[in-house]
Amino acid sequence: MDGAHDMGGVTWSGPVAPEPDEPVFHAEWERRAFAITMAMGMPGGWNIDMSRFAREDRPPEDYLSKSYYQIWLAGLERLMLERGLIASDEIEAGKPLHSAKPVAKTLKPDDVARVLHRGGPTERDAAAPARFAAGDRVRAKTIHPPTHTRLPRYARGHIGIVERVLGCHVFPDSNATGAGENPQWLYTVTFDGAELWGEASDRNLAVSVDAWEPYLEAV
Amino acid sequence: MAGQDHDHHHDHDHSELSETELRVRALETILTEKGYVDPAALDLLIETYETKVGPRNGARVVARAWADPAYRARLLKDATPAIAELGYAGRQGEHIVALENTPHLHNMVVCTLCSCYPWPVLGLPPVWYKSAPYRSKAVKDPRGVLRDFGFELPESTRIRVWDSTAEIRYLVLPMRPLGTDGWSEERLADLVTRDSMIGTALPKQPHEVA
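Protein sequences appear in the order of chains A and B. Taking this note's numbering, the leading residue of the first sequence gets 890, the next gets one more, and so forth. Taking this note's numbering, the leading residue of the second sequence gets 36, the next gets one more, and so forth.
The set of hints was computed from the structure by calculation and includes no laboratory data. Warning: the hint list may mix true and false statements.
Unchecked claim - FRET-style restraints, in silico, Cβ to Cβ: (1) A:Lys994 x B:Glu68: 35 to 41 Å; (2) B:Leu140 x A:Ala1015: 26 to 32 Å; (3) B:Val244 x A:Ser954: 38 to 44 Å; (4) B:Ser191 x A:Gly1087: 42 to 48 Å.
Stated by the list, open to error - Quick list of in silico lysine-lysine cross-link-like pairs, BS3-like style, CA-CA up to 25 Å: (5) B:Lys69 x A:Lys984; (6) B:Lys112 x A:Lys994; (7) B:Lys69 x A:Lys997; (8) A:Lys997 x B:Lys165.
What the hints assert, rightly or not - Derived coverage of chain A by chain B (criterion: at least 3 residues anywhere in the stretch with Cβ under 8 Å from a Cβ of chain B; other residues may be distant): (9) 908-915; (10) 976-985; (11) 1007-1015.
Since we're looking at a predicted model, the values are computed, not measured. We treat Cβ as the ideally placed atom computed from N, Cα and C, and that holds for glycine.
Build the full structure now, drawing on both the sequences and the hints.
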């Protein structure tokens, strides 16, 4: 979706502001919001692409006025409400009002290290050979899906070079909607600065995105 | 994401709790009482990313690459197993690529769409990495970003920005500072800052760590 989350190249006021000796979390609620989001992935049963869509699919003024972990929290609430794991009257009341929904499994303390160490690899066996090879010229398609996509707007319509073939990976555009993993070949595609930003661009700049095959067309 | 909540109230005075704090407490209570989450597992998740998984891991990887040419070659060829040799793997680092800085090429990593970041080697991302200014500017004016960090890259140095749009995570391998011949890996690791592995800074110089 063309949302406020897709920030690449937008002219934004203000410099980047690094914080010296920044702590991992800035408040206790951030710790808890991070942890319940991580832990709910298992009983919730959603995937990372569904999580990302739940965070980004909101009005720009909402997305831009929330801090990072406030967005995580809003995304988590939405995923749980959609699945009937919690109800909005429970959030208002601050306590359970309805019986729990049966869940397949929950995250136990003994599982934490193993689950984190295993992660969630996205590479899959390929059903067909890769259409492109390193060195090929490709154009990022002009697409504006209302659903989740990982092709940023600033790259759409522009011509780049396939720099690396990264294997066949779960396709977020399908995975986010519940349509299945639909694995697709993934490529690092590199664009010259002037191709993306015009004649005023830094002459010594190149920018890459990692793009799945359905995002690309031969030129 | 303007409203970063820098709330540091730890005095348990409920009258001072923000709406967000109250909401998080309410959610945790509901999820715990419904049996969806185990508070001990939550504590362990937090402890892991506050004390175990952080940029010191990445610094050890970089220091080994500086000290051991065979390791450096393995890291640049296929970083995920090379990093796993040091015990670092998993969540948000399932597929890692290492990017080598040279006198002619400077690499910088961003996630314009959200906050993708190589957790097993760098931990959780800092606020600036997730902020609108960085995500918007890094792909268009990366030299301007470096100036925000107080460092000027020579115009002749090519700059290469990697937007983490998929599940591939990127780790910058900065150049080894001069004057560090014969240093142990542990000592070298002290030179490797988090930002130097994102590409928004250079490693420390020997005189900075004494």
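Now for the hints, and whether the structure bears them out:
Our hint of 35 to 41 Å for Lys994 of chain A and Glu68 of chain B is violated, since their Cβ atoms are close to 18 Å apart. Checked against the hint of 26 to 32 Å, the C-beta distance between Leu140 of chain B and Ala1015 of chain A comes to roughly 31 Å, which is consistent with it. In this structure the supplied range 38 to 44 Å holds for Val244 of chain B paired with Ser954 of chain A, their Cβ-Cβ distance being about 41 Å. The supplied range of 42 to 48 Å is broken by Ser191 of chain B and Gly1087 of chain A, whose beta-carbon atoms lie about 22 Å from each other.
This hinted pair checks out: Lys69 of chain B and Lys984 of chain A have alpha carbons roughly 10 Å apart, not beyond 25 Å. For the hint linking Lys112 of chain B to Lys994 of chain A, the alpha-carbon distance of about 38 Å lies beyond 25 Å, and the restraint is violated. Between Lys69 of chain B and Lys997 of chain A the CA atoms are separated by roughly 15 Å; this keeps the pair inside 25 Å, and the hint holds. Between the alpha carbons of Lys997 of chain A and Lys165 of chain B the distance comes to roughly 29 Å, so the proposed pair goes past 25 Å and is violated.
Beta-carbon proximity to chain B at under 8 Å applies to 5 residues in the stretch 908-915 of chain A; the threshold of 3 is reached and the given coverage holds. Here's how the stretch 976-985 of chain A fares: 6 of its residues keep a CB closer than 8 Å to some CB of chain B, so the rule of at least three is met and the hint holds. Counting residues of the stretch 1007-1015 of chain A whose beta carbon lies closer than 8 Å to any beta carbon of chain B gives 6, which reaches the threshold of three, so the coverage claim holds.
Taken one by one, the earlier hints fail for this structure at numbers 1, 4, 6 and 8, listed in ascending order.
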